[in-house]
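Chain order of the listed sequences is A and B. Residues 75 to 271 in our numbering are what the first sequence spells out, letter by letter. Residues 367 to 790 in our numbering are what the second sequence spells out, letter by letter.
Note that these hints are calculated values from the structure, not bench results. Heads up, the beta-carbon is just placed ideally off N, CA and C, and yes, glycines get one too. You can take every hint at face value.
Rough simulated footprint, nothing fancy, chain A against chain B, three-plus residues with beta-carbon under 8 Å:
| no. | region |
| --- | --- |
| 1 | 414–428 |
| 2 | 506–514 |
| 3 | 525–539 |
A few chain B positions that, by computed beta-carbon distances, are all more than 10 Å from chain A:
| no. | residue |
| --- | --- |
| 4 | A476 |
| 5 | L641 |
| 6 | Y713 |
| 7 | A768 |
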Amino acid sequence: MRGWLRVRRFRLTLGVEAGIAAVLLLAGSFSIPMPGLLAAQGLLVPIALLAPLALSTVLAYGLTAGDELLEAVSSRPIAILDTILVYGMTVLMLVVGFALEAGGLTELGAAAGRNSCGYVGLMLLGRRVVGGQAASLFPAGFALGVAAFGGDASGNPRWWAWLLADASDPRSWLLALTLFAVAAVLRTRGRGIQLST
Amino acid sequence: MRLRTILRVQPAVWLGLPLIVLSAIYALGYQPATDDPYGVSLTAAGTVTLGFVAPVCAALAAWEGGRLRRADWWTLPHVRPLAMVAGALLAPVIVAGMLAVFAAIIVEFAKGGLLAVPDLRLVVLSLFVSGGHAMVGFAVGLRVPVVVAAPSVLVASYLWMAFPRAMEPLWLRHLNGSLSSCCLPQDDLALSAVLAAAMVALGMVAAGGVLIALRGRWRNVVIGLGVLVASFGLAIPLVSGLGPDPVVARNPDSLVCRASSGVTVCVWPEHGERLEEVAGITTRAVERWRAVGLSVPSSYREARVTDADPETSGFGFSRHSSQADILHALAYGLLPAWPACAETGAYPGFDARDPLHAWYDATGGMSKADLEQRFPPSGVPGDPAPLEILNRLSAATPEERADWLADNLAAVASCDREPQLLPP
Numbered sequence: 075m076r077g078w079l080r081v082r083r084f085r086l087t088l089g090v091e092a093g094i095a096a097v098l099l100l101a102g103s104f105s106i107p108m109p110g111l112l113a114a115q116g117l118l119v120p121i122a123l124l125a126p127l128a129l130s131t132v133l134a135y136g137l138t139a140g141d142e143l144l145e146a147v148s149s150r151p152i153a154i155l156d157t158i159l160v161y162g163m164t165v166l167m168l169v170v171g172f173a174l175e176a177g178g179l180t181e182l183g184a185a186a187g188r189n190s191c192g193y194v195g196l197m198l199l200g201r202r203v204v205g206g207q208a209a210s211l212f213p214a215g216f217a218l219g220v221a222a223f224g225g226d227a228s229g230n231p232r233w234w235a236w237l238l239a240d241a242s243d244p245r246s247w248l249l250a251l252t253l254f255a256v257a258a259v260l261r262t263r264g265r266g267i268q269l270s271t
Numbered sequence: 367m368r369l370r371t372i373l374r375v376q377p378a379v380w381l382g383l384p385l386i387v388l389s390a391i392y393a394l395g396y397q398p399a400t401d402d403p404y405g406v407s408l409t410a411a412g413t414v415t416l417g418f419v420a421p422v423c424a425a426l427a428a429w430e431g432g433r434l435r436r437a438d439w440w441t442l443p444h445v446r447p448l449a450m451v452a453g454a455l456l457a458p459v460i461v462a463g464m465l466a467v468f469a470a471i472i473v474e475f476a477k478g479g480l481l482a483v484p485d486l487r488l489v490v491l492s493l494f495v496s497g498g499h500a501m502v503g504f505a506v507g508l509r510v511p512v513v514v515a516a517p518s519v520l521v522a523s524y525l526w527m528a529f530p531r532a533m534e535p536l537w538l539r540h541l542n543g544s545l546s547s548c549c550l551p552q553d554d555l556a557l558s559a560v561l562a563a564a565m566v567a568l569g570m571v572a573a574g575g576v577l578i579a580l581r582g583r584w585r586n587v588v589i590g591l592g593v594l595v596a597s598f599g600l601a602i603p604l605v606s607g608l609g610p611d612p613v614v615a616r617n618p619d620s621l622v623c624r625a626s627s628g629v630t631v632c633v634w635p636e637h638g639e640r641l642e643e644v645a646g647i648t649t650r651a652v653e654r655w656r657a658v659g660l661s662v663p664s665s666y667r668e669a670r671v672t673d674a675d676p677e678t679s680g681f682g683f684s685r686h687s688s689q690a691d692i693l694h695a696l697a698y699g700l701l702p703a704w705p706a707c708a709e710t711g712a713y714p715g716f717d718a719r720d721p722l723h724a725w726y727d728a729t730g731g732m733s734k735a736d737l738e739q740r741f742p743p744s745g746v747p748g749d750p751a752p753l754e755i756l757n758r759l760s761a762a763t764p765e766e767r768a769d770w771l772a773d774n775l776a777a778v779a780s781c782d783r784e785p786q787l788l789p790p
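Okay, chain B solo, but in the shape it has when bound:
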């Protein structure tokens, strides 16, 4: 189709600009999963606009299908193959949608201060999702009067993009391709979620293709629905093991590390410019902890760590974190991991987590003001606040402090032991 004709007859061209502006406005107000300049997270944040871009693509495609339907063109003899005709009509629609998603990604990257190539997995997935919605919209527009088809696919597509967030199981939300809750720096996008969403989107493309290509009043609808159901059948096993976020642990090979005074600190490349500072904070804290007799690891990594390696502790921070925040995160990493039994039953040791955290903060060198900010007085009468416990500990003997620490560390590591919050 000639460019002049496209500009004259295709609403996607006229509505593309407002759609791009809307998308950029959305991205301005949207909060990514992390403040850090992490490309995967910023790209994912940009693709959140699919929530309204895909429905608009579907409605515009239904309009294009409706134009062919009104002209009765589809049933007339034609030289060009159906795929070429459909492609020529859908290309401007999909391009408009993708430009809108790109606008949002660019805004997110600009907000994050990152100059890099967006995550290609998410870009390609966005293309599939826009294409899937457009294809179904086009097919419905060909079969149903446009006055019904356009609003129907607009609303149905919007519901599909928005509704799974309100449904359980939580992994359902990954099927529509809205993977915007990815990722903290220690996470990577789960490839299984991308594949599942791509499979559903390609299922929509195939179902739309069946509706367009096959003749018959109901046979093509049945086959199209069968294709769609099959795509869900293939996609669901891929995401059924995921939680609310489409993430997996990030490959720790990309950590950047620094070792000094026997302490190794590793952070993600997004925090590389603060590595020196973080290493200094960590080294000083480790020296203080060891000075009061605490046995602490010599390696600190931003990646997720397991209890299997007692010489390594995990922590996390953002680029806006203060020095006290980083110390607070290091101290938190020294607490025993949540026991699995806490997910299903009573966990009396929970009450000791804050006092222990405050103890590690204080012994690691946190100022009184920072401690008061993080551990406010208890609102429950008779319930000792962490800082009150710290005051009592400061008056106790070293042996009493060691006993208090050992008792409470044991309590938080299990579900069958009451903590001893107040030192003797």
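Bound-form chain A, shown alone:
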């Protein structure tokens, strides 16, 4: 178990979560104006809402760090353990985000937690579609795609740009959690997602 945690970069993942929390505290609602591709104006993208990309990236890294053959014949239920790790760390980030916002330390904690769920869901879907090595490009590419295409003519996020929506927007939660849930179902059904490709 200890070896599995080491291979999955558990400590690094915890460090990344702490780093994201630090970004939430330090960056506040500081935003970058991103150039829009189809909008007259660019979008203001808060750094705090991009920071959870680090979580999906480090989880993707951990999932590809093991020996595929050894894990395939392991007596331990590696797939289940991986699922617990990925979802546990994501829910932890969600809880940390809510806690920081409830404590009045940041305004974007809940939204960052929601984005963690969405990004990790996209990463897991990416593992299914393009394999483990390129999976982390899915959430990063989506985030930049939203920055580029996700603004309407007035510079507000479009309905599908859930990662930039206010935390009070139920649709953004629905979309992000749907990605998270669909990835979970795919992990547990059929062949499941390949653990390390």
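Following the hints, put chain B in place on chain A, whose structure we already have.
Quick look at chain B alone, frame taken from chain A:
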């Protein structure tokens, strides 16, 4: 590498087409600095796509580096030199990026109705910027697992291309090579901005090269960062004198001129087809101004002019400008230049600028409808609108009008004089 192998294994080849399409779509919706068919401006507008092309190049290059890392190829004995291996892998990535930028430039030229060679300074700079991002991405992909390297360089590169626009000082934005805010017809691309951005891009190439070529866990990172910092150190003095746009005054030698009835009119070649029309408008306006006793210059140029030459006035227009717009621009050129003191302190003469502008418009022959369109009624109670002042002036004697004009011209030229908006 054989073409078949490139097509089989390099994602740059498969992703090149969507990247080109995206770039062209972007260019369709992007508004260049000017509507005029000015090659520098249209090329600059096309290079705005570097904002996402360069990050994609970086991510694709990181993928290529990651392929070598996973195969542990870099540490194995190899016959071909490192530069050749890196070049063979990066060439398709950079070609895909450049094709995407070219697609955007072609779309901009097509929109502007211009058939010409793009500005080579910007094309070469785009090559450097794409190459710099690709080189750094490749080096990171060689050193860091691709699952981390690819998204990291994608986001970092995108932030570098987008973030400086939100930062001050404003000249910082010129360092990343996104010089898309260039240029109005009276401007030219500032060579110092091109050199600075090229220096940073070449610094990225060199830093990536150091990361690739030198062995050692941290030494190469330190040296690479040193190279990058040095490139910034060389580049910053080149742009620190520039404003938000990477422009300098355009060489007036390229103006095309026409003289008639003692009035000389010069316009940029992009407006050459309207020279006759503009000269006619100008000549008629000058005759009218002189008829009411105004002392106006006999030379009108689109180039920037200084107060040092009282016989020359500057103006500007676009190819879509109406005749009234051109007269409005000529009239604006007759107003005294903004005094330097207005940048730092109170400028009471500002209130007289619109009435004076309206006066020159009206005396130059602008119709009432065009005047009403340009000078709407004042929204501030008690604040006289320019057209109300014009009505009062029309009832005044010639001497009173001359006094009003002299008083207000003096007020707008300085910061220590209150304007006399209403004629006696």
